[in-house]
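Residue numbers (the working numbering), protein chains in the order written: chain A, 7 to 158; chain B, 20 to 809; chain C, 75 to 371.
Take these hints with a grain of salt, some might be off.
What the hints assert, rightly or not - Label pairs and their computed distance ranges (CB to CB): (1) A:Ala121 x B:Glu138: 56 to 66 Å; (2) C:His131 x B:Asp440: 53 to 63 Å; (3) C:Ala292 x B:Asp440: 49 to 59 Å; (4) A:Thr120 x C:Met235: 52 to 62 Å; (5) A:Arg127 x B:Ala89: 57 to 67 Å.
I should point out that these hints are in silico values taken from the structure, not numbers from a laboratory. A virtual CB, placed ideally from N, CA and C, is assigned to each residue, including glycine.
What follows is the residue order along each chain.
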Amino acid sequence: MALSLTVNGDRVASTADPAAPLVDILREELHLTGAKPVCREGFCGACMVLIDGKPTPSCLTPAALADGCEIQTVEGLATPGQLNRIQAALDASDAVQCGMCFPGMVVSLTHLLTASPDATREDIRAALTGNICRCTGYERIIDATLLALATK
Amino acid sequence: MSDVSATMDLRRRDAADKLRGRTRYTVDRYLPGMLHAAVLRASVPSGRIVRLDTSRAARMPGVRAIVTAADAPGMMGIGIADHPLFARDVIRYDGEPLAAIAAGTLAQAQAALAAIDVEIESLPAVLTMADALVPDAPLVHPNWRDYEVLFEGGAREGNIAWEATVVRGDVDAAFARPDVEIVESSFRVGRQNHVAFEPRAVVASYEDGRFHIETSTQVPWGIRNATARVLGVPASQVRVTVPPVGGGFGLKFDLAIEPFAALLARASGRPVRLVNSREEEMLTCLFRENAEIRIRSAVTREGEIVGREAVVLMDCGAYGGEQIFLTTMTAHTLGGNYKLGSVRLVSRAVYTNTAPNGAFRCCNGVYNTFALERHTDEIAARIGMDPLLFRRRNVLGDKDLGATGQVFEADVLRAMLDRMDTLRDAVVPPPARTDGRLYGRATTVGTWFVFVGPSAATVNMNADGTATLVTSGVEIGSGSMVQSLPQIVASTLGIAPESVTVRAADTDAAGYDVGVGGGRTTVSLGAASLSAAQDVRTKLLKVASEMIEAAPEDLVMRHGRIEIAGAPGSGRTIAEVATCAQAKSGPVSGTGAFTGTGVPAMPGCVAGHFIDAIDIPVFAVHDCEVAVDPETGHVEVLNYRVVQDVGRALNPRAIHGQIQGGVVQGLGYALHEEVTIGSNGRVCQSGFETYRVPLALDVVPVEISLYEGAPSMGPLGTKGAGEVPILNVGAAVACAVANATGKRIQELPLTPPRVLELLLDRKRDLTLPHIAETWSDNLVRPHKTPRGNA
Amino acid sequence: MIPGSPMQRVPAAAHNAASSIHVAHSLANALDALSEWGSAGAVFAGGTWIMRSPIRHEPLREHYVAIGRIAELGAVRIGTDVVEIGPVVTHAALAAALADLPEFNVLAAAAGRSANPAIRAMATIGGNLATPGFAAADCVPALLCLDAEIEVAGREGRERMKLEHFLQIRSTLAPGRLVTQIVVPRSERKTAHARLPLRKAGDYPVAIVSFSVSVDAAGRVQAARIAVGSVEPVARRWERLEAALIGRQLDAEGAARTATELAEEFVGRDGVDAPAWYRVSVLPSLVRRAAAAALGA
């Protein structure tokens, strides 16, 4: 049975196994390799996507439950050729190192900017509990988020 | 030359795509017709392969190729060629590769693995260094004598893969002095997993009789040469290219899974992708090694260290690998920091039936610094001296001798300690704390170095005024390839750093390079790049001098122009000059090369060392304050300060980012990241649930001061800055926790259970009975007789 | 040394190619599907446990019935006597729904601080209760201390049982049956949830004390329910401690002292994350923290 997903505004069909993790469909079928399957158990956040607007680890989402949903991946968060508010702030803050965690960070933080416009430093830390970064030690990511929150 | 500071705090050119998810790491590569591979791994720590039959697997759906030990005849290693690609007859660790399969899909490859018929006879295993050092212990390599020696000088015997010794001065006499206190301390640390977010991954193809390996590595030339070695083919038949690397930290400083994919590509005639699962990464990681350390010092009541001896046991796992080289480092880490009247050190890489260990940011340095600094605090306590005063008295200064007799230059550490005092004293002391927790603070020092060695660079000057930098350097995240190198080239040529294209590593395009690690990117690749750019500059100035009719020495290159000094707007654009040069005598390019100069050690001091003295020392002073919960053992780091010797900071903002990140990795090592090995020889922490890296709530902003001006042979006075930030985090946290609790901290990580165990006095003092009481009894052969005066 | 978990030779990435997932839109439809598949079928709620089967080297089941979109199972109904919680209510939704009810502090904290934000928005309360392999579930002790009852339904009908009983039978629940409601009585009580992760947050707690007491006007304990999670394989009430507190003036230090005397009744579980003794050792301080938080509420 073919599944029907809406990914970054495009309607796509997939014949994947219903229990296949969404992250594998995005990467292997659609070649949207932004989401990274780093831990495959919901701890690291590197495969985060927005499903119907909600940040969701795509490693824990089976294809069957993504069927019919609006999925936004990191590739679809900004106008082509541009950066969205959090991407621009992370770039300006020189926050990026190896970059593997950033697709997930960007998805989580893009959501945070609208869901918690008054977030404090501690709120941002708590919000990132499920987004692990091995390179940066987080502080610059938090600084950039505060910068983005202050930039309307 | 233009002022490099004009390009300071250059942003990363790779950030925007990384933030948009567009960057294609090796794990993201996809080639038409690509097959997917998987590796069959042993599930016993020690055994003999009775039967390995792949005939049933070969008939499974989708299978295109199967390779086994018969396909990889060579042996690899550092110092000793002790490591086959696949287990041959003998299995030496749980997780050791037995066969690899390529199939149409990953699921098919995995299903076929399960159809390989394997029969293994279990053999006795040695899982700990204590087990391995028991007389008559089973040997991990019974035929150790037969191995090819790649580097002469290390003593070896049985389960001792390599032994390196340092002897300077008369240590026995120092210990026999009537006016000294003898202080002895023992330490033990566990392994640390890099948890690079991109696992080890490779896409290989075989075309025109050559292998093309696209891989996530820090060492493209190392992969080229080692792959050729295990496959038994000429190295020139292997081309390695490297996409952006999703985290290295030393994990990718060694050959990993590349040869499996290469063999399968050749056998199938199709491109093959192989990516380690997270579990494979966790269980077969080339960890930072576990180590056991006994250190003993003879110190006068006035605080002079007249003698020091130490035994350092480093678990190399089933194969020698990086630890053989790293035995060298004890001389410069445990033997660093302080002036020593006399010293003898032995580092022993010990074989065990566990997954091989490898390199990890400040290899060997983090635990030896932990041991040394805790020992230093124990000395200070014994003689009743303030630990900071003791350090100030004893840190290496100008003209002081290091452990191997090298002469250090300049008073760096003492000035850095002063800088730290200023930082710390500027903070208003907090009000009295009444939450029942135990508070403590500590300041520690550390000695590290830049791992110099050969690098090559070419700069092509394009007629449009841009330049292309071609090296074998890899961007692993530290930013050196996208920040400091283009900054160096751009400042030499007077163009914008954005006008310098940086070619991704390709062993077919650029000359040999040791690899990206050891803090050497900005130094070694930077020096080669600087020299190549200067070559281009000289050529351009010569052409310009004819065009402008001015002497080359009167010309400056800046803002994209070659001008007469003091006359802005005069002269020509660099594009015009490059175009003219190209028309007259062909395109302009320059080449550069670099390696270390080889600072001398004292003759006769070292045996079995790969590096006798360090070309570019790097010093660090860390200070932290902790609060310890006496009921749960939780340690909270309240604040953290770093004064780091950077030589010269080309991009201070990027260095600050490295320091914050390195300190946090160190906090993981100090507090959270624990690796245990079960009685079955398997690493217990198989994923992110059980291996705990620091999260956003667990970190503090590090207060940073960059110490500039210490001597360095690096280009423009630079030193490597990305590796060293992790160096003394374990030390600083451990000393602070010891000060907070009054307990003797002898082990890392300080997980809540381990701290509570100490607080409840449930834990006995650490003893290391497998380290012999008399130092020389720990050696498989006596240190060579000194040829010179000590 | 702690024994490692069994590892197949095969890397963990593979998923079972044969699994089907039926997305049910009504309870009746879910029950029909479960009944049809019998022992080959299983309930799929948030998926945060089941989707990690490959990591644990457990095969997926042949058939799943996804119940997350069944509206009637996804509501929190706050009545005057009870609060009824649908099994597919997520941790995040539950924490939000209970935010203004101090008597439910324990449950709001359990649901609102477990795991990490994205997982809390996926993982369901029913899944938390129905996963026998998950010893560190936050909501199990929280609901134990609130005296929750569990409604289980199959095609043949519904039954209600105490959570304690459900925990005993959950691993042998007959095929075709699922949790349809969690019912929690309302009362005047002070509650708090003390959990101890090894980092500040983001990992499973190595020990949990869920605490609920009713005190009279003089501050004496009239009723107490205290549950301990993650210390043993299955969460349970600490009845001796409850009994010891009855009739006493509630003070956090005193409760912790009593807990110290009684803690030896627990036989901790050894895990890769923490040894058995540690889980038991920290219980008195968790009791103190929970009691203090409850008193402050």
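For this structure, which hints from the list above don't hold up?
4
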